[in-house]
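Undergrad: Construct all of the structure, not just a fragment, from the sequences and the given hints.
These protein sequence lines map, in sequence, to chains A and B.
With the numbering used here, the residue at position 77 of the first sequence is 94, and numbering never jumps.
With the numbering used here, the residue at position 45 of the second sequence is 750, and numbering never jumps.
Keep in mind the hints are simulated off the structure, nothing from the lab.
One should not assume that every hint holds.
Claimed, not checked - Simulated pairs of lysine to aspartate or glutamate, EDC-like, Cα-Cα distance not exceeding 20 Å:
#1 A/K392 / A/D418
#2 A/K421 / B/D848
#3 B/K894 / B/E942
#4 A/K421 / A/D474
#5 A/K421 / B/E782
#6 A/K421 / B/E898
As the list claims (entries may be wrong) - If we take Cβ atoms under 8 Å as the criterion, some of the chain A residues that face chain B in the derived model are:
#7 Y290
#8 Y379
#9 Q381
#10 T420
#11 K421
#12 M430
#13 P433
#14 E445
#15 P446
#16 Q450
As the list claims (entries may be wrong) - A short, non-exhaustive set of chain A residues, derived as facing chain B with CB atoms under 10 Å:
#17 Q375
#18 Y424
#19 I448
All C-beta atoms, glycine included, are put in the ideal place defined by N, C-alpha and C.
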Amino acid sequence: MPDATIEPSSPADGDGAATTSARKPGSAREATLNAALAGAGAGGAPLAQLRARAQAAYDALELPRWRRSGFWQTSFQDLDLDALAPLTRAPDATLPAVLADAAHAGVLVQRDASVVHVQLDPQLAERGVILCSLEQAAAEHTELFERYYLRRLPLDRNKLEAASAAFWSGGAFLYVPPGLRVEDPFQIVYEISDAGSAQYAHTLAIGDRGSELRLREYDIAVGEIAADALHAGQFELYLEDGARCRLAQLTDWGEGAVSDCSTSVVEVGRDAYCHWLPALLGGHLIRHHYELVVAGQGGDMAFRGILFSQADEHLDVFAVDLHETGPSGGDVHWRGAATGSSRASFEGLIQINPGAQQSHTYLQFHSMMLSDHAKLDAIPSVLVSADDVSASHGGTVGELDETKIFYMQTRGMTRPQAVRLIVEGFFEPLIVQLDDEPLERQIRERIGVKLAAAADDIERYALAR
Amino acid sequence: MPTELEIRNLHVRTEDREILRGVDLLVRRGELHALMGPNGSGKSTLANTVMGHPGYEVTDGEILVDGENIIELAPHERAKLGLFLAFQYPVAIPGVSVANFLRLAINAQREEPIKVKEFGQQLRHAVELLDVDEGFTSRHLNDGFSGGEKKRAEVLQMAMLRPQIALLDETDSGLDIDALRTVAEGVQKLHAEQGLGALIITHYQRILDYVRPQFVHIMMDGRIVMNGGNELVERLEREGYDRIREEVASRA
Numbered sequence: 018m019p020d021a022t023i024e025p026s027s028p029a030d031g032d033g034a035a036t037t038s039a040r041k042p043g044s045a046r047e048a049t050l051n052a053a054l055a056g057a058g059a060g061g062a063p064l065a066q067l068r069a070r071a072q073a074a075y076d077a078l079e080l081p082r083w084r085r086s087g088f089w090q091t092s093f094q095d096l097d098l099d100a101l102a103p104l105t106r107a108p109d110a111t112l113p114a115v116l117a118d119a120a121h122a123g124v125l126v127q128r129d130a131s132v133v134h135v136q137l138d139p140q141l142a143e144r145g146v147i148l149c150s151l152e153q154a155a156a157e158h159t160e161l162f163e164r165y166y167l168r169r170l171p172l173d174r175n176k177l178e179a180a181s182a183a184f185w186s187g188g189a190f191l192y193v194p195p196g197l198r199v200e201d202p203f204q205i206v207y208e209i210s211d212a213g214s215a216q217y218a219h220t221l222a223i224g225d226r227g228s229e230l231r232l233r234e235y236d237i238a239v240g241e242i243a244a245d246a247l248h249a250g251q252f253e254l255y256l257e258d259g260a261r262c263r264l265a266q267l268t269d270w271g272e273g274a275v276s277d278c279s280t281s282v283v284e285v286g287r288d289a290y291c292h293w294l295p296a297l298l299g300g301h302l303i304r305h306h307y308e309l310v311v312a313g314q315g316g317d318m319a320f321r322g323i324l325f326s327q328a329d330e331h332l333d334v335f336a337v338d339l340h341e342t343g344p345s346g347g348d349v350h351w352r353g354a355a356t357g358s359s360r361a362s363f364e365g366l367i368q369i370n371p372g373a374q375q376s377h378t379y380l381q382f383h384s385m386m387l388s389d390h391a392k393l394d395a396i397p398s399v400l401v402s403a404d405d406v407s408a409s410h411g412g413t414v415g416e417l418d419e420t421k422i423f424y425m426q427t428r429g430m431t432r433p434q435a436v437r438l439i440v441e442g443f444f445e446p447l448i449v450q451l452d453d454e455p456l457e458r459q460i461r462e463r464i465g466v467k468l469a470a471a472a473d474d475i476e477r478y479a480l481a482r
Numbered sequence: 706m707p708t709e710l711e712i713r714n715l716h717v718r719t720e721d722r723e724i725l726r727g728v729d730l731l732v733r734r735g736e737l738h739a740l741m742g743p744n745g746s747g748k749s750t751l752a753n754t755v756m757g758h759p760g761y762e763v764t765d766g767e768i769l770v771d772g773e774n775i776i777e778l779a780p781h782e783r784a785k786l787g788l789f790l791a792f793q794y795p796v797a798i799p800g801v802s803v804a805n806f807l808r809l810a811i812n813a814q815r816e817e818p819i820k821v822k823e824f825g826q827q828l829r830h831a832v833e834l835l836d837v838d839e840g841f842t843s844r845h846l847n848d849g850f851s852g853g854e855k856k857r858a859e860v861l862q863m864a865m866l867r868p869q870i871a872l873l874d875e876t877d878s879g880l881d882i883d884a885l886r887t888v889a890e891g892v893q894k895l896h897a898e899q900g901l902g903a904l905i906i907t908h909y910q911r912i913l914d915y916v917r918p919q920f921v922h923i924m925m926d927g928r929i930v931m932n933g934g935n936e937l938v939e940r941l942e943r944e945g946y947d948r949i950r951e952e953v954a955s956r957a
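TA: Put into structure tokens, the structure is as follows:
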């Protein structure tokens, strides 16, 4: 299993992006570890060329390790890539259980390295909606594909990113044409079904001018993956002028040994809007870079996130709220809880570029500790290069409140019931905003399962206080 | 036999000091009691101890429900015996609606989950009783509630959970006269309709203009120093706690 522990890194270490020349004790602790992508991606070239470049980067690079001076390290260096391979799967007409009860406009399922199921409402297809594997899009919708593919995503920041760009197979492509409003969600599922699976995933989604859509992505494991498996994903969503999207990404690799190193970017165009909620609800080792770019005047977004780490999970999130132009709006609100001996880190960055006047944004992170052995760090930072803007951040660190527990007990609830209700209530303000009942139910249920699994630990923690 | 709560020679301390120094009290279902006393006399401590607050240590005495000592029971087990505490300072439970909280609390106290229809009927009835609007039950419990709304929510919970004996810890404090009347009338109605027994803890006699207790107790310095009926309320209003303190001192 790859290393999922945090080791203090010594100041002598010279690798990793956090390294700076100034090393006054303590001075680097609040320093931003990560940089926003903040620019053009690798795209705009034929796919074969891009794959070759990614392959070259893959050959040259080491497996990544992110370290923050002092107390954090997220390392994929123990991952044995030779033991992992893309696993080809046959088409499968049955829908994954996770989609069972929901209406949808279209579904695409990738199992391990293969797209095994695609269906699209024929009426939508007639009106110009495209939902197909990314392989197929590259071959059959080449012009669209080349216009958007890797427009904002790089391919060579680290070996796993390069691997994804070089080796992806299957993949998902969604295009919603101008002015079309689609009520039901499009659902994209990436499943890992076995140990040894190397899943190089790529989703490219486009909401053309004035369109409106809902998109859900599930990154899930089928059963418990008993030995190493890898998901290295790239996700890109482009919302052209006036387009609106509600995007939710639910990552839950279960309690098995899945490692996940991914990057997701959403570009919001002129007067466009995105409500984006990633929910990170399970995974042995996860490193995810999320970047929401307001690229057009009047662009606006709500960037929500839920993370919940348990047992010995390791979760490292970097979320960027980037304003390239103004006026623009942003509202970043994440919540995280940690149980067991898990480690989670949320680094949130507001970046306002020169000229992005009248951008207004706020970033908040609220955390709840449910164990003495868990660690949950929040590192907000603000990089502002314009003078007529408002950008600030806030947050709270919560612990189980005995007064609340006693209050609920006097109403007949047991301690575990009370704790569960407190934690559910903690996430509820974000869940309810999804405005998507089946998905809300799934997230609530998963949180309930995680709490039940950690019940003894939480009880010990609560009693020891 | 109606449910009865009997407190015998109760001594309670917190980490730093002894607060209750031998309290005796008997409250039966269907009876309305008022427990009055100056600030710091131990009234809230008594209520919280009866419900099993972990911050209070019982050093001597017994708390009996129908003859069974409940001192070893967890708070939720005491609730299941029919005890209820309306808090002086109700806490907010963000993210949990009043209705959802009530449903969970009711279900926690019974074997079979309550039927949706039955719950709806009870909730409508309680909402009318407490004179709150329909939207009230979909708000998050006590989250951003005014003082009056919090106290209404306490009595609303009491109406829904139908306890045998309720302890109302300064439910009247911080209320304007309308809210006070609503809350007091709610208690009076639950007493009349459900046979609720209540120990109304109060600092002032204001709430007792609307709820007529049959029994009045005065607590000072961790003991109940005087028992009587409604005439005690009137006397207290006339003379104040100081006179009573003097009288108690001269008796001793």
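Undergrad: Against this structure, judge whether each hint is valid.
TA: Hint-by-hint comparison with the structure:
no.: 1; hint: A/K392 / A/D418; in the structure: holds (18 Å)
no.: 2; hint: A/K421 / B/D848; in the structure: holds (12 Å)
no.: 3; hint: B/K894 / B/E942; in the structure: violated (25 Å)
no.: 4; hint: A/K421 / A/D474; in the structure: holds (19 Å)
no.: 5; hint: A/K421 / B/E782; in the structure: holds (17 Å)
no.: 6; hint: A/K421 / B/E898; in the structure: violated (30 Å)
no.: 7; hint: Y290; in the structure: violated (25 Å)
no.: 8; hint: Y379; in the structure: violated (19 Å)
no.: 9; hint: Q381; in the structure: violated (14 Å)
no.: 10; hint: T420; in the structure: holds (5 Å)
no.: 11; hint: K421; in the structure: holds (5 Å)
no.: 12; hint: M430; in the structure: holds (5 Å)
no.: 13; hint: P433; in the structure: violated (10 Å)
no.: 14; hint: E445; in the structure: holds (3 Å)
no.: 15; hint: P446; in the structure: holds (6 Å)
no.: 16; hint: Q450; in the structure: violated (12 Å)
no.: 17; hint: Q375; in the structure: violated (31 Å)
no.: 18; hint: Y424; in the structure: holds (5 Å)
no.: 19; hint: I448; in the structure: holds (8 Å)
In this structure, the earlier hints numbered 3, 6, 7, 8, 9, 13, 16 and 17 are contradicted, and the remaining ones agree with it.
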